[in-house]
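Enquirer: Residue numbers (UniProt numbering), protein chains in the order written: chain R, 1 to 107; chain Y, 1 to 414.
For the record, the hints were derived by calculation from the structure and aren't laboratory data. For glycine and all other residues, C-beta sits at the position ideal for the given N, C-alpha and C. Fair warning: there could be bad hints in the mix.
[Claimed, not checked] Calculated lysine-lysine pairs in the DSS-like style (CA-CA distance at most 30 Å, straight line):
1. Lys216(Y) <-> Lys351(Y)
2. Lys2(Y) <-> Lys31(Y)
3. Lys97(R) <-> Lys49(R)
4. Lys27(R) <-> Lys95(R)
5. Lys216(Y) <-> Lys46(R)
6. Lys65(Y) <-> Lys34(Y)
7. Lys132(Y) <-> Lys46(R)
8. Lys351(Y) <-> Lys49(R)
9. Lys97(R) <-> Lys34(Y)
10. Lys53(Y) <-> Lys49(R)
11. Lys267(Y) <-> Lys49(R)
12. Lys99(R) <-> Lys204(Y)
13. Lys154(Y) <-> Lys132(Y)
14. Lys46(R) <-> Lys65(Y)
15. Lys330(Y) <-> Lys351(Y)
16. Lys216(Y) <-> Lys31(Y)
17. Lys49(R) <-> Lys216(Y)
18. Lys46(R) <-> Lys2(Y)
19. Lys99(R) <-> Lys65(Y)
20. Lys30(Y) <-> Lys216(Y)
21. Lys65(Y) <-> Lys216(Y)
22. Lys351(Y) <-> Lys27(R)
23. Lys46(R) <-> Lys27(R)
24. Lys99(R) <-> Lys46(R)
[Stated by the list, open to error] Non-contacting residues of chain Y with respect to chain R, defined by C-beta distances greater than 12 Å in every case (computed):
25. Ala257
26. Met331
27. Met341
28. Asp344
[Unchecked claim] If you want a taste of the chain R side facing chain Y, the calculated C-beta under 8 Å gives, among others:
29. Glu15
30. Thr16
31. Asp35
32. Ala44
33. Arg45
34. Lys49
35. His52
36. Glu54
37. Ala73
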Amino acid sequence: MLSLTCPCCGITAEETEFAPGGEAHLKRFGPGSSDEAFEGYLFARKNPKGVHFERWRHAYGCGKWFLAARCTATLEVFGTYPAQTTQPPAELIAKIKAKRPEWEGWA
Amino acid sequence: MKRYSIFAVAREAMRYHAGWERAWRSPTPKKRYKVIVVGAGGHGLATAYYLGKVHGIRDVAVIEKGWLGGGNTGRNTTIIRSNYLQDPSAAIYEKARALYEGLSQDLNYNVMFSPRGLLMLGQTEHEVRGYKRTVHANRLQGIATEWIGPERVKELVPIINIAGPRYPVLGALYQARGGTARHDAVAWGYARACSAMGMDIIQKCEVTGIRTEGGKVQGVSTTQGEIDCEQLAVVVAGHSSVMAEMAGFRLPIESVALQAWVSEPIKPCMDVVVMANTVHGYMSQSDKGEMVIGGGTDGFNNYTQRGSWHHVEETTRALVETFPIISRLKMLRQWGGIVDMTGDRSPILSKTPVEGIFVNCGWGTGGFKSIPGSGYAMAELMARGHSPLAAEFGLERFREGRFIDESVAAGVAH
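Chain R with its partners taken away, still in its complex shape:
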């Protein structure tokens, strides 16, 4: 069972207290964009076997959305951070890079 720390209220809890929300940092394409871009935004996912940035909601706690970096091949949680950002914090990327030298990086 995953153990996550909510960056909004600071509580560390098991995954039953949280609700997963899919891939993070998706760039939104709305009306006026091309069909390909809109399809990509709605459906195409990285779904990597390895480091994954994703959204979670502290559903049975403070109720806030936040983001997490987690390894889908080992279930290791590298860290969580607030959702008010368009990219992961530099120190989290450095931490993952140190643990996973072969990781291609966030893009």
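Starting from the structure of chain R, add chain Y where the hints point.
Expert: Below, chain Y without anything else, positioned relative to chain R:
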């Protein structure tokens, strides 16, 4: 290949069973094949089998990074049904179910298809309405299903508690020719038949890269060297996105864990398959006597083939309410598999942006039941460039908004 028959059993009984052949050869890969199928699970082997049997394409290699049938083919709850709402789904799942009926004879391998009947319980008014609608749709599609009341449910499943306090059984969607089959035997039977047609099944051979040139596939790099091909079928549930990345495109797929578990064996007590989608559990009894139980998927991406503990607890708790006699059963084994989930919960059988590469993926939580139909349609798509069964399941449906929305129709459990 020597045929299996009662005479073969009698002959071998007279000579200490020394004459049985290996069911399939384990050759070293050739430099080039017409078709390479990646993934020796049920779907991959069925694709190869129907390529050879129906379309006469026998220069085929099926390569597998682990062992044959070691992925989801060996990890499912073996349920077979075709009571889907949407026409394209009903067509391909019914094709599969119909092929299962004669599969043991076709393959000369006993896949133990057991059309014991399948019930999908209606436990809320919503579900009752939904399933009645499915029955009407099935009637138009030519699939034999019926709506039965709670008394008939109790007759078919004496151990069920139809007056549960939270979720009483209000009736069920009944498919009399649904049931189960022996999952390993399906993979083994197809493998034996493919090998007998001269196809190469190469195990412990992982694809590490896909070579393309000018937007056309050239071959694959594997842990056993480079292999060239004209056509490549990617049939690797769970790892479809990983393979797509190697080929340079992206799929509308997320990989999540789905779990199943079995109890200790008990005397025969339930001779149908029961699915309870409101409480998220399904159960059948294996020929060994174990109660085979499946639950829901996790919500987060996962490649570890193990799921979250709380799903086991939730599903078992729900089933105990519906089947009080299982409350003292000990659970024997639990395992997980990685399934491909698409946005509309329907599969993808499609050409891809790379010429010569085809994908068969996205079967989500319901792949086993569709193995023969999926292989049949995929082989037709690859050999003829078009398959009526696969036509609606193309990748372009996501861009064009033509979903085959089974996430609402079928309930979440497959």
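Enquirer: State for each hint whether it applies.
Expert: Against the structure, the hints come out as follows:
1. Lys216(Y) <-> Lys351(Y): 12 Å, holds
2. Lys2(Y) <-> Lys31(Y): 28 Å, holds
3. Lys97(R) <-> Lys49(R): 16 Å, holds
4. Lys27(R) <-> Lys95(R): 24 Å, holds
5. Lys216(Y) <-> Lys46(R): Holds, at roughly 23 Å.
6. Lys65(Y) <-> Lys34(Y): 20 Å, holds
7. Lys132(Y) <-> Lys46(R): 38 Å, violated
8. Lys351(Y) <-> Lys49(R): 24 Å, holds
9. Lys97(R) <-> Lys34(Y): Not OK: Lys97(R) and Lys34(Y) at ~41 Å, beyond 30 Å, violated.
10. Lys53(Y) <-> Lys49(R): Distance ~36 Å between Lys53(Y) and Lys49(R) Cα, so the pair is violated.
11. Lys267(Y) <-> Lys49(R): Distance ~42 Å between Lys267(Y) and Lys49(R) Cα, so the pair is violated.
12. Lys99(R) <-> Lys204(Y): 29 Å, holds
13. Lys154(Y) <-> Lys132(Y): This hinted pair holds, its Cα atoms lying about 19 Å apart.
14. Lys46(R) <-> Lys65(Y): 22 Å, holds
15. Lys330(Y) <-> Lys351(Y): 46 Å, violated
16. Lys216(Y) <-> Lys31(Y): This hinted pair holds, its Cα atoms lying about 18 Å apart.
17. Lys49(R) <-> Lys216(Y): 25 Å, holds
18. Lys46(R) <-> Lys2(Y): Not satisfied, since the Cα-Cα distance of roughly 47 Å exceeds 30 Å.
19. Lys99(R) <-> Lys65(Y): 26 Å, holds
20. Lys30(Y) <-> Lys216(Y): 21 Å, holds
21. Lys65(Y) <-> Lys216(Y): Within the cut-off at roughly 24 Å; holds.
22. Lys351(Y) <-> Lys27(R): 27 Å, holds
23. Lys46(R) <-> Lys27(R): Distance ~13 Å between Lys46(R) and Lys27(R) Cα, so the pair holds.
24. Lys99(R) <-> Lys46(R): 21 Å, holds
25. Ala257: 10 Å, violated
26. Met331: For Met331(Y), whose nearest Cβ neighbour in chain R is about 17 Å away, the distance exceeds 12 Å, so it holds.
27. Met341: Its Cβ does come within 12 Å of chain R, the nearest being 10 Å, so this is violated.
28. Asp344: 9 Å, violated
29. Glu15: 6 Å, holds
30. Thr16: 5 Å, holds
31. Asp35: 5 Å, holds
32. Ala44: 4 Å, holds
33. Arg45: Interface hint status for Arg45(R): holds (5 Å vs cutoff 8 Å).
34. Lys49: 5 Å, holds
35. His52: 6 Å, holds
36. Glu54: Holds: closest Cβ of chain Y sits about 7 Å from Glu54(R), inside 8 Å.
37. Ala73: 5 Å, holds
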